[in-house]
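Participant: Given next are the chains, with one letter for each unit.
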Amino acid sequence: DGGITQSPKYLFRKEGQNVTLSCEQNLNHDAMYWYRQDPGQGLRLIYYSQIVNDFQKGDIAEGYSVSREKKESFPLTVTSAQKNPTAFYLCASGGQTDTQYFGPGTRLTVL
Amino acid sequence: GEDVEQSLFLSVREGDSSVINCTYTDSSSTYLYWYKQEPGAGLQLLTYIFSNMDMKQDQRLTVLLNKKDKHLSLRIADTQTGDSAIYFCAAPHEMNYGGATNKLIFGTGTLLAVQP
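Chain order of the listed sequences is A and B.
Counting in this note's numbering, the first sequence runs from 389 upward without gaps.
Counting in this note's numbering, the second sequence runs from 1267 upward without gaps.
None of these hints come from the bench; they were simulated from the model.
Source: prediction; values computed, not measured.
Beta carbons are placed, not taken as given, at the ideal position from N, Cα and C, and that holds for glycine.
There may be inaccurate statements among the hints.
[Claimed, not checked] Restricting the straight-line Cα-Cα distance to at most 30 angstroms, the calculated cross-link-like pairs of lysine-lysine (DSSO-like) are:
hint	chain 1	residue 1	chain 2	residue 2
1	A	445	B	1302
2	A	459	A	397
3	B	1322	B	1334
4	B	1302	A	459
5	A	471	A	402
6	B	1302	B	1334
7	A	397	A	458
8	B	1322	B	1333
9	A	445	A	471
10	A	445	B	1336
11	A	397	B	1302
12	A	402	A	445
[To be verified] Across the chosen pairs, the derived CB separations fall in these ranges:
hint	chain 1	residue 1	chain 2	residue 2	range
13	A	471	B	1275	44 to 54 angstroms
14	B	1305	A	465	18 to 28 angstroms
15	B	1347	A	432	26 to 36 angstroms
16	B	1326	A	492	17 to 27 angstroms
17	A	467	B	1320	44 to 54 angstroms
All chains should be built: construct the whole structure from the sequences, respecting the hints.
Facilitator: Given below as structure tokens:
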């Protein structure tokens, strides 16, 4: 059953803590993406990776970090430097074309 | 750079047709996309159209593309309460040409509310 999984679905963090959001895909896609969605707003690109061991900053990379050690996995770390991390985080992957397929999302809340 | 714009809200009655509109700026766009997002969920690829087409129909969905005006629309026939969601239009980023990236630029989304 091919697709993209994100975990956890809900995540709570205390101020000053780093947290890591998981994103896994078994679609054999080269490209993977992380987006942030705030209430009533569109998607903003945090980081993207077009190939293993390589990634690029998106429009709002400050306070976030990523790694791409395996084709299937693209974890996102929200660091304590991110001033307003409460949001809905979406992971996507894509193949040869521009088409992107999304995971179910992780809702992060800072307490 | 590419910019994609949509109206924020549309309200229709169950059984009526819904038309969601989108404008984009980059005339070189290849594929243009429509995604659907239900509450608390990720984005689901609904349909897409290649830029050399004027229309694409898929069951209750009709996509119309006016390349001259850079206008894309999604028509949902016989709208049901299950169609209530946010609909996003997306176009490739200008950096995609030449294979530099595969980024998409998303509109802010149109909230479709279907009244019973």
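Participant: A separate judgement is required for each hint: does it hold in the structure or not?
Facilitator: Against the structure, the hints come out as follows:
Pair hint residue 445 of chain A plus residue 1302 of chain B holds up; C-alpha atoms about 26 angstroms apart against a cutoff of 30 angstroms. Restraint check for residue 459 of chain A and residue 397 of chain A: the C-alpha separation of about 22 angstroms stays at or below 30 angstroms, so the hint holds. About 17 angstroms separates the Cα atoms of residue 1322 of chain B and residue 1334 of chain B, which keeps this hinted pair within 30 angstroms; it holds. Between residue 1302 of chain B and residue 459 of chain A the alpha-carbon distance is near 27 angstroms, which keeps this suggested pair within the 30 angstroms criterion.
A distance of roughly 12 angstroms separates the Cα atoms of residue 471 of chain A and residue 402 of chain A; the hinted pair therefore holds under the 30 angstroms criterion. A distance of roughly 26 angstroms separates the Cα atoms of residue 1302 of chain B and residue 1334 of chain B; the hinted pair therefore holds under the 30 angstroms criterion. In summary, the hint linking residue 397 of chain A to residue 458 of chain A is supported, as the alpha carbons are separated by about 22 angstroms, within the 30 angstroms threshold. Simply put, residue 1322 of chain B and residue 1333 of chain B have alpha-carbon atoms about 14 angstroms apart, close enough for the 30 angstroms limit, and the pair holds.
With a CA separation close to 18 angstroms, the supplied pair residue 445 of chain A and residue 471 of chain A stays within the 30 angstroms bound. A distance of roughly 29 angstroms separates the Cα atoms of residue 445 of chain A and residue 1336 of chain B; the hinted pair therefore holds under the 30 angstroms criterion. Straight-line distance between C-alpha atoms of residue 397 of chain A and residue 1302 of chain B comes to about 19 angstroms, which keeps the hinted pair within the 30 angstroms bound. In summary, the hint linking residue 402 of chain A to residue 445 of chain A is supported, as the alpha carbons are separated by about 25 angstroms, within the 30 angstroms threshold.
A hinted range of 44 to 54 angstroms for the beta carbons of residue 471 of chain A and residue 1275 of chain B is inconsistent with their spacing of about 30 angstroms. Hint check: residue 1305 of chain B to residue 465 of chain A, Cβ distance near 27 angstroms, so the stated range 18 to 28 angstroms holds. A hinted range of 26 to 36 angstroms for the beta carbons of residue 1347 of chain B and residue 432 of chain A is consistent with their spacing of about 30 angstroms. Separated by about 24 angstroms at the C-beta atoms, residue 1326 of chain B and residue 492 of chain A satisfy the suggested range of 17 to 27 angstroms.
Range check, residue 467 of chain A to residue 1320 of chain B: about 47 angstroms between beta-carbon atoms, so the 44 to 54 angstroms window is met.
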